[in-house]
Amino acid sequence: MAKTSLTHEFTKGILKENPVLCLLLGTCPTLAVTTSASNAVGMGVAATLVLASSNAVISLLRKAIPDSVRIPAYITVIAGFVTIVQLLIKAYLPAVDESLGIFLPLIVVNCIMLGRAEMFANKNSILPSILDGLGMGVGFTAALLCMGIVRELFGTGNVFGNTLLPESIFTPITIFILPAGGFFVFGMLIALANRLQKGRLRGKDFGCENCAMASACQKSGNCKEGAEAV
Amino acid sequence: MTALISIFLVAVLSENYVLSKFLGICPFLGVSKKLDTALGMSFAVIFVIVVATAVTYPIHTYILVPNGLDYLQTLLFILIIAALVQLVEIVLKKYMPKLYQSLGIYLPLITTNCAVLGVAILVTQRTSESYGYLHALVNALGAGAGYLVAMFLFSGVRERIEQSDVPEFLKGMPITLIGAAIVALSFLGFQGIA
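Heads up: the protein sequence lines correspond to chains A and B, in order. According to our numbering, the first sequence holds residues 1 to 230 in order. According to our numbering, the second sequence holds residues 1001 to 1194 in order.
Bound-form chain B, shown alone:
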């Protein structure tokens, strides 16, 4: 149990997938302009990361590795994720229209979010004996939660940047990136945890 909690906390804070591993930067910079869209995107990411890991991890461990097919990992994972996102979209549309309305618009864009593929590949690379399916799932959940935390904090920073007087040559993207640098710097403080 402690191991699970520590995996979760490490994934959320000290090894935040966005701010210290640079996964999923495009949507991190793209949709963080407003708080509500940032939150919508993050929840969609959490959902897809967990579902994608839940499906790809057993496929990798029980089908690819025993048959010596692990070189197909990249190809297979991205196809599984793309198909899965489609499936989730169809199911949500039919059975949970409320949820679809709030997450639906983000789903097609998540296929190419490298955080999803990145987490799915990274968990298969942990080779220690004690690292099982449950650990992989908790790690995926932590990665998603870390995404949420980063998006939430950064959209707050950006709303403040919008209102401030920025030097002409830094307007637009440069100041956004420098803001991200400072948020990433603050996450360095978590480095000592776990």
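Same shape as in the complex, but just chain A:
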């Protein structure tokens, strides 16, 4: 494979196909763990590790896994790596484990993992799959970091725990680190990404084409009106 296309596999996830801002995958952790910039980085790095390694293994096994049981097989591979990452973080970074809490094991059901396995790793060889995983992971981390910085700055006046806006000149707007602020900042961030992409995303909605389960549910004839946009 030519070098340029390998670079492309890596860089596409960062901007052009950013999993959070353009593909709208993995919204749960995006909203939940971005109350501070350091949490956002912790989540991003954990997800990147899982994404790159599960993409690698799934790509290696793509000919061995029968088509009909591929989704459970992918979930098992992903869950294995999540457990590894979870144990590593618990052992070496207990503070990160504490602040990410339930969202660390929930990487298993993050649609980015399953989505990349289904859309990329089962069709490509190992090297592009690892690069795709890394690129998507970096894009995910970058989006989380943006959210984290904005929310932490306005919500507490700090960034990475360092005071940028002292209380003498700025009263922290606590709502930014509450759930409502998460939805609001995320909406604004997508509006901004929308503007920067010159409206290419406009009117795009949470639709079937982005859903990791789309091919599975369309195949079984289940993708009717109701399930069209899960």
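Keep in mind the hints are simulated off the structure, nothing from the lab. All of these numbers come straight from a predicted model, not from anything done at the bench. Take the hints with a grain of salt, since some may be wrong.
List of simulated lysine-lysine pairs, DSBU-like, C-alpha gap at most 30 angstroms [stated by the list, open to error]:
no.: 1; chain 1: A; residue 1: 123; chain 2: A; residue 2: 12
no.: 2; chain 1: B; residue 1: 1171; chain 2: A; residue 2: 16
no.: 3; chain 1: B; residue 1: 1098; chain 2: B; residue 2: 1034
no.: 4; chain 1: B; residue 1: 1033; chain 2: B; residue 2: 1093
no.: 5; chain 1: B; residue 1: 1033; chain 2: A; residue 2: 16
no.: 6; chain 1: B; residue 1: 1171; chain 2: B; residue 2: 1033
no.: 7; chain 1: B; residue 1: 1171; chain 2: A; residue 2: 12
no.: 8; chain 1: B; residue 1: 1094; chain 2: B; residue 2: 1034
no.: 9; chain 1: A; residue 1: 16; chain 2: A; residue 2: 123
Starting from the known structure of chain A, arrange chain B on it as the hints suggest.
Using the frame of chain A, we list chain B on its own:
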């Protein structure tokens, strides 16, 4: 009894799993466009959350923990939930075709709904002595009911958004998320309960 009622109310209102814990956001944003699909999805979620908790909680307490295997929790839970969803689908299809028709299409999608796995894991983390199987089940039921409430309210909000004149750059997802922000804000008001 009061403890059970308070667990239920806390799960539905003040610690709503969707709006204050951010579990199950994808379907919350995805299927809330129309009221009837939102309700169908919510009932399927209630059903699966309760059944999943009913199965995973005893497995965790009586098999994993006594044998020091609790690091397998994530792996085992997601497999159990996936298998369970398949099983429920097959059973419903065979014995309750009416119910299957209304919930069936949502079932395969629920495997990857993080609310189900999230609730199953969270209830096993409550370590206090008095928190038993019944409490876990009531909590799961409350989580599902909270999901229903959030979906119901939000689909109403979205139907109004559809009809209003939104600035060009906010069309589509941004305005949906800002709507969700305001719904979440209103749930802050329940914070003082229980």
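Now for the hints, and whether the structure bears them out:
At roughly 17 angstroms between alpha-carbon atoms, residue 123(A) and residue 12(A) fall within 30 angstroms of each other, so this suggested pair holds. Between residue 1171(B) and residue 16(A) the alpha-carbon distance is near 20 angstroms, which keeps this suggested pair within the 30 angstroms criterion. Between residue 1098(B) and residue 1034(B) the CA atoms are separated by roughly 21 angstroms; this keeps the pair inside 30 angstroms, and the hint holds. A C-alpha spacing of about 26 angstroms is found between residue 1033(B) and residue 1093(B), which places the hinted pair at or below 30 angstroms, so the restraint holds.
With a C-alpha separation of about 27 angstroms, the suggested pair residue 1033(B) and residue 16(A) falls inside the 30 angstroms cut-off, and the hint holds. Of the supplied pair hints, the one linking residue 1171(B) and residue 1033(B) holds, its CA atoms being roughly 14 angstroms apart against a limit of 30 angstroms. Restraint check: the Cα-Cα separation between residue 1171(B) and residue 12(A) comes to about 25 angstroms, which is no more than 30 angstroms; the hinted pair holds. Between residue 1094(B) and residue 1034(B) the alpha-carbon distance is near 28 angstroms, which keeps this suggested pair within the 30 angstroms criterion.
For a cut-off of 30 angstroms, the pair hint linking residue 16(A) to residue 123(A) stands: about 20 angstroms separates their Cα positions.
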